[in-house]
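A.B. asks: Take a look at the letters that make up each chain.
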Amino acid sequence: MGLSSLFNTARDALNAQAYGVSVTSQNITNVNTPGYVKRTALLETRVLGREDYGSVAIAGLQRNTDQFIEGRYYSALGQTGAAQARQNQLTLVEASFNDISGSGLSSALGSVNDALQKLAADPSDSVARDTVLSNLSNFASRVNTVGNDIANQKSDMLSQMQNVVRDLNRQAGEIANLNREIVHAQAQGLDSADLRDKRDQVLLQMAPNVDLNIVEGEDGAIFVQAAGTTLVEGTEARELTIGLAPGGDVKLLAGRIGSSAPSDVTKSLSGGKLAGLKEARDVDLKETAAEFDQYVYDVATAINTQHEAGYGLDGATGRKLFDLNLPGAPPAGAARALTLSTDVAGQPSRLAASDAAATVPGGGVNATNLSKLFDLTVVSGGTRTISEGYSDLVGSVGLKSATAKRETALRSTLEGQASDMKESMSGVSLDEEMIALTKYQQGYQAAAKVFNVIDDLMQELLGILR
Amino acid sequence: MRITDAMRTNQSLRNLSGLRESHAQATEEATSGLRVNRPSDDPTAAALLTRLQSRLDQNVTTQKSMSQGRADLDQSESALAAASDIMKRAKELALTAANGGTSPDGRKAAALEIGGLRQQLLGLANLKGSRGSLFAGSQTGTPAFDASGVYQGDSYEHKLQSGPNSEVTVSASGERAFTSAGGRDVFADLSALETAMNNNDPAAVSGYLDALDAGHLQITRERAHVGVNQNRAEQSDALLTHTKLLLETQKADAGAADPAESLTRLVTLQQNIEQALQVARKVLDLNVMQLG
Chain A
18 MGLSSLFNTA RDALNAQAYG VSVTSQNITN VNTPGYVKRT ALLETRVLGR
68 EDYGSVAIAG LQRNTDQFIE GRYYSALGQT GAAQARQNQL TLVEASFNDI
118 SGSGLSSALG SVNDALQKLA ADPSDSVARD TVLSNLSNFA SRVNTVGNDI
168 ANQKSDMLSQ MQNVVRDLNR QAGEIANLNR EIVHAQAQGL DSADLRDKRD
218 QVLLQMAPNV DLNIVEGEDG AIFVQAAGTT LVEGTEAREL TIGLAPGGDV
268 KLLAGRIGSS APSDVTKSLS GGKLAGLKEA RDVDLKETAA EFDQYVYDVA
318 TAINTQHEAG YGLDGATGRK LFDLNLPGAP PAGAARALTL STDVAGQPSR
368 LAASDAAATV PGGGVNATNL SKLFDLTVVS GGTRTISEGY SDLVGSVGLK
418 SATAKRETAL RSTLEGQASD MKESMSGVSL DEEMIALTKY QQGYQAAAKV
468 FNVIDDLMQE LLGILR
Chain B
20 MRITDAMRTN QSLRNLSGLR ESHAQATEEA TSGLRVNRPS DDPTAAALLT
70 RLQSRLDQNV TTQKSMSQGR ADLDQSESAL AAASDIMKRA KELALTAANG
120 GTSPDGRKAA ALEIGGLRQQ LLGLANLKGS RGSLFAGSQT GTPAFDASGV
170 YQGDSYEHKL QSGPNSEVTV SASGERAFTS AGGRDVFADL SALETAMNNN
220 DPAAVSGYLD ALDAGHLQIT RERAHVGVNQ NRAEQSDALL THTKLLLETQ
270 KADAGAADPA ESLTRLVTLQ QNIEQALQVA RKVLDLNVMQ LG
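As given, the protein sequences belong to chains A and B, one line each in that order. To convert a position in the first sequence, counted from 1, into this note's numbering, add 17. To convert a position in the second sequence, counted from 1, into this note's numbering, add 19.
Everything labelled a hint here was simulated from the structure, so no lab data went into it. Treat each hint with caution, since some may be false.
Below, in silico cross-link-like pairs of lysine-lysine (DSSO-like), each with a Cα-Cα straight-line distance of 27 Å or less [to be verified]:
hint, chain 1, residue 1, chain 2, residue 2
1, A, Lys456, A, Lys466
2, A, Lys268, A, Lys284
3, B, Lys127, B, Lys107
4, B, Lys83, B, Lys178
5, A, Lys268, A, Lys422
6, A, Lys303, A, Lys284
7, B, Lys263, B, Lys83
8, A, Lys422, B, Lys270
9, B, Lys107, B, Lys147
10, A, Lys389, B, Lys263
11, A, Lys389, B, Lys127
12, A, Lys284, A, Lys171
13, A, Lys268, A, Lys389
14, B, Lys107, A, Lys389
15, B, Lys178, A, Lys337
16, A, Lys215, A, Lys268
17, A, Lys389, B, Lys178
18, B, Lys83, B, Lys270
Using the sequences and the accompanying hints, generate a full structural model.
C.D. replies: Shown next, in the form of structure tokens:
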């Protein structure tokens, strides 16, 4: 072996240590980059002919990842996303039924009862009659507000889901493209770490929105499954769409490659914001809306029936207090449809306070009976009073929201654990990097020293020759 | 386990945000004085609170409308008391006029007074209360008796709710007190008495003494009736007040926060946050660069 070839060894050493510094500095630079996976510089011995003599070679990079840990993290993100989305929606509904401060529907009903008792106390008083009408109409409009709020929230959620699906489709397209580039880079023997980081970042954005399942192929491309269907296969992505089932429920459709008919994958949707919104919309809100409609229908029917039995100041009977122009079979839509009946609107004298034409105008029996309805079990199939029925609704909405809150807290904790596991595997530790930096720096300095020594030896040799 | 920088910051962040959330909740509890501020805080308690609040509202409503009814009862009672005095005075005048020693002029004067008493009685029977004519049953818009003393009302009794399952009659019956439905037509008797006195007919006058007694008795009886209802109204008012207190206590038990407890929790959480912040700072400062 010749002195001059030692220059090559020194050069290799300098290169290798510089590479170490560059990988370390990349790690340091990306210490706060989401989705960045820590790299390790891989160095190996370079054997040049004989074993007693060699140098160092750069064998490339290692990205510290684990498919299993990543999969767990994505699924944890999906579960948290679902729980969070559901909780947000239920918190909104809950506000409509929050009567603890005494400003909700219950107090509107209380005012109706108050006005009815005043009417019972003085059936001929025109102010008492006006008060009954305005309180009834106030109750109806509050009921409408809650009904409309729920309906609007449902349509908001539909557009949210459409936005999420649009994002997912775009992201699936990006992944398909990145798959192509990664496969290409690997085939060429190029470093694909940066591309993989980019792909992981896209997955990280998708994970909170849908239940992801990732499988990596031999060629470096990944299969992305969501809602039980393949979203990305190699370099092809499939489109998700949101549609409405006949009953008004949201359905998730997945396109099929080579087919124009998308398939319904709603049942397999199990995580992410999409699943959370779906459950909040088509289970929680649907139940609450149905319970509320039934309640409003029961209250309005009971009040109407009692009022129809009474007589107005003009001696006429059989008038309703509420109109319910329902779009279909009762009680669906009762909350949104409830209005003060045209029988009595603007006609306080038609309020039927008396129970017989003969006891007009001073008779207040029917007004008393109307007010007594508030003590009778007239809602929930005749098992609960008006206020009990409402408190059941409050309890049921509160329970849903409380369950969602607990679920979110639990899911966040699990996500934290999964995130720690992923971080522990792939995250950057500045301690490590600082030590590695020093290590490579010293390696570099030592290699430079080797270079100096060889240079000195060379000079010596040249001196002898001279 | 390999601990990275992000893990350290994430952990500090998670702990801090958990503490901040508890702190916000404790602050709300301490400032509102309520343990349950929204249904999800405690669904069962929230449902109970909603029920209790509506019972409280109902209680207040009933008490208010009852107080109007009680005012009518009080007014009827004093009207009937005055009517009873009038009947007593009429009896005295009749006794005097029935006496053979009374002069014709004396009887004329008595007749004049009887006419006045009858007008007074008519005024009392036509008194108006909070909902119109007190003694006219459901016909509150018209006077209970016309000028000739004929009853214009009906036998309707006005009842108000005095509690969840009870009612109290808050009207007095002009029919029972003053008309033949109660025994005697008081106004007709007084008119006849006046005529007998004007006719200077002591025998006829003395013939009305029993009728006057009966009239007095039926007014007194109605007054007793009203008295009973006054008592019942008063009792239910007391019961309503008592129930209101009970409901308020139950409400506080179900939803109110213990001030001492919430304050303690708030202070503890404040200290926890300060400690967590200090720990976070120390944790974040701790790295190899400290070695220089």
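A.B. asks: Determine for every hint whether it applies to the structure shown.
C.D. replies: Checked hints:
1. A:Lys456 to A:Lys466: 15 Å, holds
2. A:Lys268 to A:Lys284: 9 Å, holds
3. B:Lys127 to B:Lys107: With Cα atoms ~19 Å apart, lysine 127 (chain B) and lysine 107 (chain B) stay inside 27 Å; holds.
4. B:Lys83 to B:Lys178: Between lysine 83 (chain B) and lysine 178 (chain B) the Cα gap is close to 14 Å, so the pair holds against 27 Å.
5. A:Lys268 to A:Lys422: Measuring from Cα to Cα gives roughly 25 Å; hence the hint holds.
6. A:Lys303 to A:Lys284: 17 Å, holds
7. B:Lys263 to B:Lys83: Between lysine 263 (chain B) and lysine 83 (chain B) the Cα gap is close to 13 Å, so the pair holds against 27 Å.
8. A:Lys422 to B:Lys270: Answer holds: lysine 422 (chain A) to lysine 270 (chain B) is near 25 Å, not above 27 Å.
9. B:Lys107 to B:Lys147: 24 Å, holds
10. A:Lys389 to B:Lys263: Status holds; Cα separation ~19 Å.
11. A:Lys389 to B:Lys127: 57 Å, violated
12. A:Lys284 to A:Lys171: Status holds; Cα separation ~19 Å.
13. A:Lys268 to A:Lys389: Roughly 46 Å between the alpha carbons, so the hint for lysine 268 (chain A) and lysine 389 (chain A) is violated.
14. B:Lys107 to A:Lys389: 43 Å, violated
15. B:Lys178 to A:Lys337: 24 Å, holds
16. A:Lys215 to A:Lys268: At roughly 31 Å apart (the allowed maximum being 27 Å), lysine 268 (chain A) and lysine 215 (chain A) break the hint.
17. A:Lys389 to B:Lys178: 12 Å, holds
18. B:Lys83 to B:Lys270: Given pair lysine 83 (chain B), lysine 270 (chain B) holds - Cα atoms ~21 Å apart, limit 27 Å.
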